[in-house]
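Novice: Below are the chains, spelled out letter by letter.
6 protein chains.
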Amino acid sequence: MFMRIDKLQANLPKPKKADPNAAAALQELLGGKFGEMSTLNNYMFQSFNFRNKSKVKPFYSLVSSITAEELGHVELVANGITMLANGPTPDEDHKGDISSAPFKDMTDIRSAASFLHAGGGALPVDSNGLPWNGTFVFSTGNLVLDLLHNFFLECGARMHKLRVYETLSDPTGREVCGYLLVRGSVHAHSYALALKKLTGVEMEKMLPTPNIDLSKIPESQKYLDEGSHRRLYTWGEETYRDMAAIWGGGEQALPGDPPGDLEVVSGHPDGAKIDELVGASAAFTTDYAPEEIFDIAAKLHAKM
Amino acid sequence: MFMRIDKLQANLPKPKKADPNAAAALQELLGGKFGEMSTLNNYMFQSFNFRNKSKVKPFYSLVSSITAEELGHVELVANGITMLANGPTPDEDHKGDISSAPFKDMTDIRSAASFLHAGGGALPVDSNGLPWNGTFVFSTGNLVLDLLHNFFLECGARMHKLRVYETLSDPTGREVCGYLLVRGSVHAHSYALALKKLTGVEMEKMLPTPNIDLSKIPESQKYLDEGSHRRLYTWGEETYRDMAAIWGGGEQALPGDPPGDLEVVSGHPDGAKIDELVGASAAFTTDYAPEEIFDIAAKLHAKM
Amino acid sequence: MFMRIDKLQANLPKPKKADPNAAAALQELLGGKFGEMSTLNNYMFQSFNFRNKSKVKPFYSLVSSITAEELGHVELVANGITMLANGPTPDEDHKGDISSAPFKDMTDIRSAASFLHAGGGALPVDSNGLPWNGTFVFSTGNLVLDLLHNFFLECGARMHKLRVYETLSDPTGREVCGYLLVRGSVHAHSYALALKKLTGVEMEKMLPTPNIDLSKIPESQKYLDEGSHRRLYTWGEETYRDMAAIWGGGEQALPGDPPGDLEVVSGHPDGAKIDELVGASAAFTTDYAPEEIFDIAAKLHAKM
Amino acid sequence: MFMRIDKLQANLPKPKKADPNAAAALQELLGGKFGEMSTLNNYMFQSFNFRNKSKVKPFYSLVSSITAEELGHVELVANGITMLANGPTPDEDHKGDISSAPFKDMTDIRSAASFLHAGGGALPVDSNGLPWNGTFVFSTGNLVLDLLHNFFLECGARMHKLRVYETLSDPTGREVCGYLLVRGSVHAHSYALALKKLTGVEMEKMLPTPNIDLSKIPESQKYLDEGSHRRLYTWGEETYRDMAAIWGGGEQALPGDPPGDLEVVSGHPDGAKIDELVGASAAFTTDYAPEEIFDIAAKLHAKM
Amino acid sequence: MFMRIDKLQANLPKPKKADPNAAAALQELLGGKFGEMSTLNNYMFQSFNFRNKSKVKPFYSLVSSITAEELGHVELVANGITMLANGPTPDEDHKGDISSAPFKDMTDIRSAASFLHAGGGALPVDSNGLPWNGTFVFSTGNLVLDLLHNFFLECGARMHKLRVYETLSDPTGREVCGYLLVRGSVHAHSYALALKKLTGVEMEKMLPTPNIDLSKIPESQKYLDEGSHRRLYTWGEETYRDMAAIWGGGEQALPGDPPGDLEVVSGHPDGAKIDELVGASAAFTTDYAPEEIFDIAAKLHAKM
Amino acid sequence: MFMRIDKLQANLPKPKKADPNAAAALQELLGGKFGEMSTLNNYMFQSFNFRNKSKVKPFYSLVSSITAEELGHVELVANGITMLANGPTPDEDHKGDISSAPFKDMTDIRSAASFLHAGGGALPVDSNGLPWNGTFVFSTGNLVLDLLHNFFLECGARMHKLRVYETLSDPTGREVCGYLLVRGSVHAHSYALALKKLTGVEMEKMLPTPNIDLSKIPESQKYLDEGSHRRLYTWGEETYRDMAAIWGGGEQALPGDPPGDLEVVSGHPDGAKIDELVGASAAFTTDYAPEEIFDIAAKLHAKM
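Chains as they are written, first to last, in the numbering used here: chain A, 1 to 304; chain B, 1001 to 1304; chain C, 2001 to 2304; chain D, 3001 to 3304; chain E, 4001 to 4304; chain F, 5001 to 5304.
Just so you know, these hints were derived from the structure itself, not from any lab.
Where hints are given, some of them may not hold.
[Claimed, not checked] Below, a list of computed lysine-lysine pairs in the DSS-like style, where the Cα atoms sit at most 27 Å apart:
{"#": "1", "chain 1": "F", "residue 1": "5017", "chain 2": "F", "residue 2": "5273"}
{"#": "2", "chain 1": "A", "residue 1": "197", "chain 2": "B", "residue 2": "1303"}
{"#": "3", "chain 1": "E", "residue 1": "4273", "chain 2": "E", "residue 2": "4007"}
{"#": "4", "chain 1": "A", "residue 1": "7", "chain 2": "B", "residue 2": "1055"}
{"#": "5", "chain 1": "D", "residue 1": "3007", "chain 2": "D", "residue 2": "3273"}
{"#": "6", "chain 1": "A", "residue 1": "14", "chain 2": "A", "residue 2": "104"}
{"#": "7", "chain 1": "A", "residue 1": "53", "chain 2": "B", "residue 2": "1017"}
{"#": "8", "chain 1": "A", "residue 1": "104", "chain 2": "A", "residue 2": "17"}
{"#": "9", "chain 1": "C", "residue 1": "2014", "chain 2": "C", "residue 2": "2222"}
{"#": "10", "chain 1": "A", "residue 1": "7", "chain 2": "A", "residue 2": "222"}
{"#": "11", "chain 1": "B", "residue 1": "1055", "chain 2": "C", "residue 2": "2216"}
{"#": "12", "chain 1": "E", "residue 1": "4216", "chain 2": "D", "residue 2": "3055"}
{"#": "13", "chain 1": "C", "residue 1": "2007", "chain 2": "D", "residue 2": "3007"}
{"#": "14", "chain 1": "A", "residue 1": "273", "chain 2": "B", "residue 2": "1055"}
Turn these sequences into a full structure, and let the hints guide you.
Specialist: Here's what the structure looks like:
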């Protein structure tokens, strides 16, 4: 079972302008083969399919707890996309005249379907608008092989995060990347250590791949300063603490990052307020004439 | 953000025998167009894309909290699939000789790929092995339209659950269906009420669709007896309690179900122990010679 | 069986200029999940799969006759796309030199494949170039559920038509939208009434969804003035007249539209001349040197 | 525009038993790459995209009229599928107890999804359950190339029809194949002649491909006896008669078929009654308790 | 079995500038339905599936040897794409600051995923970024039908090559098209002759389709001058020489091309040097800090 | 460029009986995500996209030469599939009566489409009939990351080969697996060594994954005895010999395999005769009445 907290894992700055093509680029990190939908579903299905979990409990705990974190990553990227696609909160809801082609610009953005389907919301598709699909999930039940996959997946995801980051100039999307680069590195590192425990191969010496330190990413620094790169969370399930047998026991931060012991932390990061996405009546979000709906909702609330 | 609890939403009885074709049928409820991956991702993306959430808070809370429950539904179906595909826990791990075609039977099951990819684990694919994909997600940002979609989705999902149920004779899969039919009915009902509040149309009078009462499903009875059909949960986020403006306020259980007030419950159901899936060395799960891995894991655990 | 009439359901004004990106946007209404290929094939397959049609004949007649109309909608959107992609009829066929990159601009349009495959013709793909596929068809055989789907589909299609309309400034595409918004509203209304007859739920009170009246769409007015919003056609099969049991019997136009009785009309609308698409030799349509072909065809015709 | 006639192009004998796997094989001829959805949509889109139609009118008429016929082919195969999947009309509606796994057998059929989605109805998918998709449509606007494609498509479709035929023992599916083999041969022949007129190449000498005469197919004989192999129909649009410039003018039946002049016939074949598909309450078609629906429909009809 | 020669089939001029959209257009000829991945895999699978090859040996030799050539076509287009996407070889590797959005322009190119996945490399996708897939392969085992398919495929591929050519102004991509138009014409011609031998139908009289002579393509002239249009190669397997029974025996070049006998040539064309693609550290190709890797590789080489 | 040799990499024993479901299982190793189409295309595209090849030449040589070998693997699996699907060479061509449902059994095989499309030939699809697609190719241009992918891909492929092997009882398919397990292990080993040279991480210590020695596979023994597990081939391109800097230099066979030095061998393995697939007239392969075709071909050959 899963619980929900109405907070975002990181605080995203407001975008400076609407930039649907930048939002589309960020979609790669959501619905691309190496996006968060992939990391989420790989670990989620592996955790459901886990064999002999009592006998290899720390490994089960690792995959299971990271699954919970990935849900928040999907949420974070989705929020970044909606913010970039919609731009700064408007002073007022420009209803205007829908017959004057108010969204003419949308024919020239890279993924017109994003506007036509979602009105600027996030969808499980990649940067070209191709839908995420279930063939992106790998779950054989062989522990070493599944962990090797996860290690590779995180390195591949790191590459995609870096390249998306390099295309974005707006602070919202860059912050998404800066945060995810830190947390993705933690996951790559943790799978490397898991493989090392099982096979003796020092996979962590291959990190970071690609070989660029996070010190080169300004948006990652505050997370490094906090020590985020040394932490795994239990996400509410104390029984997952035993993943410290992998992530702990004297294992250290990667050489290029601020030094220190790796540690398992109970609970979850504090998180930040989720930005409120204001609707656009002309795009029928919440609706063309939302006042009535707002009024109904207010009355419903008052009656409670 | 999401938290995780290492429990299943319902207690699943052990299967009587391995039945990969029955497991494949159950895959429809996991990765089919009307499976739990679809309900999960529809509500999850809608909750991320929600507009004006402060102005229509009870509706946001409804969609957001149900998202959390759907994660557990995905988990429940996945567990049902792995149990059915693998059958009763074997007395011992029959290693045998991999050169004697020990899995010859797998060429004749309906989805050979399920064995070849996942060794009998669950995957995000449907009953024919087609992968779930992102076109199954609908999220326009228009509140009435998105809720109408959700109402339709739950009715369509109910149809698929009923038909899958009718194909299964083993208690494991039937229990999955029995539980999900109750909870899916709650979700259909809640979206009906949400639409009624917004539009005045008494959608709940169309329920149940298909028009068969849950009293006809023996496996649903204990959940009805507990009152599960009258409850929505906050799944850990108290701010979602205000969905009681929709699910509450004197609204009643559907006529065919045990009577009573609808109510929002803090937290989550107690849940049940997750079945431990025993590996099969011959299928390389956990691995061909897992003893070494078990030994490593035991030592790691001991050192903590 | 189906018959064909060499006319278009509505008269489309000539485009002012070629606008391949606007044509691509219009593709959403042809090959998108909520495009006319979807409405057509849903109703077509439902009509083929209909159960107990003699016992529920008016419902069968409704779905079957609308199928015939949808064929004309596919035709209408396809014509709009080819007109927008090709622009005004050229004064002469500019053959020019194919070695001077005469279609250089095509590398920068949103869907280069549309030019490369179809030379500016319409294809069963969406606004991002993704192909229409059979998972978009829903046909369970459960009457209430299939009708509920159809009602939802038409509301979703209305949203997509509105958003596409808002992106188009050229009269051709806008006329396509203006006409289809009227006819799509009829279909939504008819499925609402069908559901009301079967379940007692006043679904039509949810219309229009999104909640914007057609009076806001200038291109829709002439169709409303004609009373198109109050009419269903038999499309040549008189046995379908009994759908008047649903669309008739005193049922009225929706409140926001011009008032009047709903009525079933024998036959079909008058229709309009189909625009003749002139080929472009440089794009090999009809061919690079079409004169010979024209000559052959003229002689063949003369010999008849 | 298209009109509809509530008849089937050929009379299908009742099936002797329900045979879902045979129905699945027949799906190849509906939603496979060389199925009727492909022939229909190729000619339909080509007719919409046709260039310079006034200058090459007989060719336009040919493609346009065949489009109308293909709609009826889709209908014919769909009916064959539903009949085979459902079997003979039952004496009574066995409601029985849905909790006793009444559809247990459905887990072992080749396409369980066909039952789970469509309750034994036809869907736009192939014999393996893969959805038909828009990449199967070829429409370049180059007349010779599009006709060459159509000639190839019909030859490929003939191969698939022959192979499906060879797998079927029940008369229903065999009759579908027998009829379509005759009509598909007409279409192949007509595209051959169209190419010959344009290029001088005697394509019809390549027919039949595969090189087996229809005289070998017992189910085709009555259609040959009627002269169906020598006829193209106008399908209600007299302006299409000028395709006689291609199909006519002394052109003869293929050598292996009964001899005679090719001719264009106004209108359409007489057609046959469409089989009424009886619902199965246990499969929720029309619904679990359809009597109420039947009663409502009867009263609606009576009031007219 | 296949062997490899580290050369390209044709010499490609250096591009004048990076042009990712032109590279995307060229992708149509690689991963599109009528691209080189399709010609390659169609002939490859047909050659693997060939029936009675000893009895129809020249036809087997034809398909088998062309398969080998198509591998080089895939290579040629891939090289053209990488060259166009990356532009002229830079004077130095601009490492710069990855935090300054060095690839901001990539959000506005047509296929952002091409950069994000491949850093400007070629991928098996089409001009819209849709992946090539196995449904593009046709291999029935019927000799006439498979050859007819191949003839059609080459004509369709010729259309796509011509249209892509017309969109390109840079010499690199144009050279790719100029070369492939010559060789593709050879393949179309050879399948035409194969069909003629088997059926007596003079298919080659339909060539060229589209009906434009290669004399109109400046980039094709040097290959025509060499006589490339009259040659098929054995690609290293002398047993394939017997395809001269089809491509030879007095058969002549097409009328629009330089005249002469068709001939089978042992071996392969001389080929040209493959352009060395220089990495971009900022795009992590070969890596962010590749010097270390270069150093390792140099030392490894030295030790040999 | 690539050359072709008309031989198979290994000698396949004749099948004992036709077993279409076993053939379908073997399709997983051809068109599945971890099948030979994937290994081939991954290495092929990586070799085309290679950066700075002169600076990292041994790595380029490794990937490029293995590409050539993979072509032969695709060929080997394809041959295994056709042999299993068609069974032993029949004594005579049973033409019989196609109207007596001669292929009735094909409705019950797992992938009816395999028969309907390919008449028992191999296709680029997986064990469930899903088409191979281009998203299975990974080629970022980052050397370490691409090699890591390749290492993971080979380990994943090994798992799939092992599981397919365990389902097959017929010698043909088992031999395919036995051979590929040896060669795939070589490739995994070589990528491990490449990574070790670049990063210092001893990846080869993770081999074999899954952790079962080839000594357990009887069909692999003769290849081990020959030393195949210690050899990489240049496949005709001597410039690739420098991959000995990776595969050589004293590196040894894996501990579980027969000991010895790793070595680069010029050329290619001897290979074996390709089985001649006899057609089935009733399935229209080569055709329904192939004698005429055989006669034509014989005469053509005689005239040379």
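Novice: Run through the hints listed earlier and report the numbers of any the structure violates, in increasing order.
Specialist: No hint contradicted; all consistent.
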